[in-house]
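A.B. asks: Okay, here's what each chain looks like letter by letter:
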Amino acid sequence: MSSNHHLVLRVVAKLLIPAIALFAFYVQFHGDFGPGGGFQAGVILAVAVILYALIFGVDEARRAVPPWLVRAGCAAGVLIYAGVGVATLIGGEAYLDYDALGPEHHHGQHLGILLVELGVLTTVASVMLAIFYAFAGRAPDIPDEEW
Amino acid sequence: MSAADVISLYPAFIVEHAAPLVVVVPLIAAALAAMTPGQRPAWLITLGATGASTLLAILLLAQTMTQGVVSYALGGWVAPIGIEYRVDQLNAMILLLVGVFGFLCALYAPRSVDDEIPQSMRGLFYSCFLVCFTGLMGVAITGDAFNLFVFLEISSLSTYVLVGIGSHRDRRALTASYNYLILGTIGATFFVLGVGFLYAATGTLNIADMAERLSGLEASSTVRAGFAFIVVGLGLKVAMYPLHSWLPNAYTFAPSVVTAFLASTATKVAFYALVRFFYSVFDPGFVFEGAFWIWLVAPLGVIAMLAASVQAVFQTDIRRLFAFSSVAQVGYMLLGLSFGTAAGLGAGLLHLLNHAMMKGALFMAIGAAALRFGVMRIEEFRGLGRTMPFTMAAFTIAGLSLIGVPLTAGFVSKFALLNAALERGWWWAVVAIAVSSILALIYVGRIIEAAYLKAPPTRDGVSAARAPAPLSMLIPLWTLALANVWFGVNAGFTTSLACNAAMMLTGDGVCIGPGAAP
Chain A
1 MSSNHHLVLR
11 VVAKLLIPAI
21 ALFAFYVQFH
31 GDFGPGGGFQ
41 AGVILAVAVI
51 LYALIFGVDE
61 ARRAVPPWLV
71 RAGCAAGVLI
81 YAGVGVATLI
91 GGEAYLDYDA
101 LGPEHHHGQH
111 LGILLVELGV
121 LTTVASVMLA
131 IFYAFAGRAP
141 DIPDEEW
Chain B
1 MSAADVISLY
11 PAFIVEHAAP
21 LVVVVPLIAA
31 ALAAMTPGQR
41 PAWLITLGAT
51 GASTLLAILL
61 LAQTMTQGVV
71 SYALGGWVAP
81 IGIEYRVDQL
91 NAMILLLVGV
101 FGFLCALYAP
111 RSVDDEIPQS
121 MRGLFYSCFL
131 VCFTGLMGVA
141 ITGDAFNLFV
151 FLEISSLSTY
161 VLVGIGSHRD
171 RRALTASYNY
181 LILGTIGATF
191 FVLGVGFLYA
201 ATGTLNIADM
211 AERLSGLEAS
221 STVRAGFAFI
231 VVGLGLKVAM
241 YPLHSWLPNA
251 YTFAPSVVTA
261 FLASTATKVA
271 FYALVRFFYS
281 VFDPGFVFEG
291 AFWIWLVAPL
301 GVIAMLAASV
311 QAVFQTDIRR
321 LFAFSSVAQV
331 GYMLLGLSFG
341 TAAGLGAGLL
351 HLLNHAMMKG
361 ALFMAIGAAA
371 LRFGVMRIEE
381 FRGLGRTMPF
391 TMAAFTIAGL
401 SLIGVPLTAG
411 FVSKFALLNA
421 ALERGWWWAV
431 VAIAVSSILA
441 LIYVGRIIEA
451 AYLKAPPTRD
461 GVSAARAPAP
471 LSMLIPLWTL
481 ALANVWFGVN
491 AGFTTSLACN
501 AAMMLTGDGV
511 CIGPGAAP
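As given, the protein sequences belong to chains A and B, one line each in that order. Residue numbering for the first sequence follows the working numbering, starting at 1 and increasing by one per position. Residue numbering for the second sequence follows the working numbering, starting at 1 and increasing by one per position.
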């Protein structure tokens, strides 16, 4: 991949990708004050990687974000979400009652929703990438024995 | 042992939080199974999680026996606003059913999975199985109409994958899965549209609250439209007769464990949701609902019992045969529901429990035969009574139960259904039950004849050798076969589960059935 095709695209993409990733986290952390949250943030974060794959190739993207990490991410998000619930149970409240997480109501609720949305972000970003990898990595031709 | 004794066996923390844990434990286990590299750890996690969920379901059942209704406010948000998990006699029974069958199928799974699913996918298969289990548990336990939709989708989406994994044995699993995906999604869409209509009419999503606010809204066309959408949506999931076309292929091409699990739980949980909406959300006294039962549910149930049984008689693939038989058995349950009496509903729910035992055992036996000989067609079953004696003995017991022979569970529920039909004075229903049972005798008889009266196939003049199924398959298989006999002779437990639920829903004081005398 040493050719200089699409030089402009490469330079612009390199500038944009960190900004997109940063924006994903802005949407994530801004979720409790305005529109946004884990789902949108997860999609935007996945978009950063997908843009990288479009410009630099799927193989490069796979090296940067390996499929095993994507697969682990899908499950890790669920664990974070459900784990917050278990933590509140251990804290002596009902399942997912975030009051258990902080010294008083507002702290607990704030921390709880942020953690839960982090779980959503992890799973959504991973699933988006998993779908993209699955489509992008599909065998171009149908092998003879498949007919 | 009384219900209070059972509760006292559990720690206080578990007793307090049993309702969310019954769903959360398999959900966390599913994520862990997806992250573990090997297949054995994933299987152990599956076995542990389904076992733990079953224990929690037993606890919840005991709690409903002592205190009536268990209500749990998720996140501390109290009922009409927050999501409520609500367990009463009806869904405690369904939770127990899903838990027990999930556990038995997990016990049965490893040998069959090793045979039918490529190694790289086995860990994810167990994860997917647990997600499906979580979804079914969630549908059964939630007291929120929209949450019910979410769990219905969780279980359905994972089911499409589970069916599709069968493609490594037969490529047609992919089209079966795709067909199921399209129809299942249409069903889910219709269901959520119906819930939307009800939300528009009542302004609430909590099932108990919705039921309260719906009273007096009988004439509202919004409510009627919601009713229609929900019936079609859940009808697709239940495989109500003309909406059943996804089921035969899905059961035929899915891996053996998946077929055994789906046949004994998935349609049952959807049927539970239907009962919940018919009896808890909508007032059974609504005129349009009563007319709907008499003019649509009962005839469709009877058509299913007859037409699907006739179709079953002409099948050559054994799983396809029992898939059509399942459509027919759903007809029995729908017929029981349409009587609108405690006796009828009780008989329908009892048949739901018993049918899970029969079909679970039958599909497990078929899976064992597939493992040893790779056989799937009826003529290939010849001589199996000699080459796989234990498997076929269990198969025969479950088959007799499916026909409704006395001393088996199938007889108890069919007899209860007959009683309910006579009480209602519906002679045609009695005739339909009898004819459908004779058809069941024919299609089960064909297989048993092949297995016991024909000689095993010979190769180069040597008869096929005995090849008993592995113990890990025989134990769950025989558990179910013996359950068919046990609950046929001593039906007190199952009958009281079904009748208590039916009496609670209809408000009737009596629920006739053998062994049901209070």
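Read the hints as simulated data drawn from the structure, not as lab findings. Just to be clear, a hint being listed does not mean it is correct.
Residues on chain B that point at chain A, a partial pick, calculated with CB under 10 Å [unchecked claim]:
1. Leu21
2. Ile81
3. Tyr452
Computed footprint of chain B on chain A, listed as stretches where at least three residues anywhere in the stretch have a Cβ under 8 Å from a Cβ of chain B [said to hold, decoys possible]:
4. 23–31
5. 96–102
For each residue, glycine too, the CB sits at the ideal point set by N, CA and C.
A.B. asks: Now look at each hint and say whether the structure bears it out.
C.D. replies: For each hint, the structure was consulted:
no.	hint	verdict
1	Leu21	8 Å, holds
2	Ile81	14 Å, violated
3	Tyr452	40 Å, violated
4	23–31	violated (count 0)
5	96–102	holds (count 4)
When held up to the earlier numbered hints, the structure conflicts with 2, 3 and 4 and fits the remainder.
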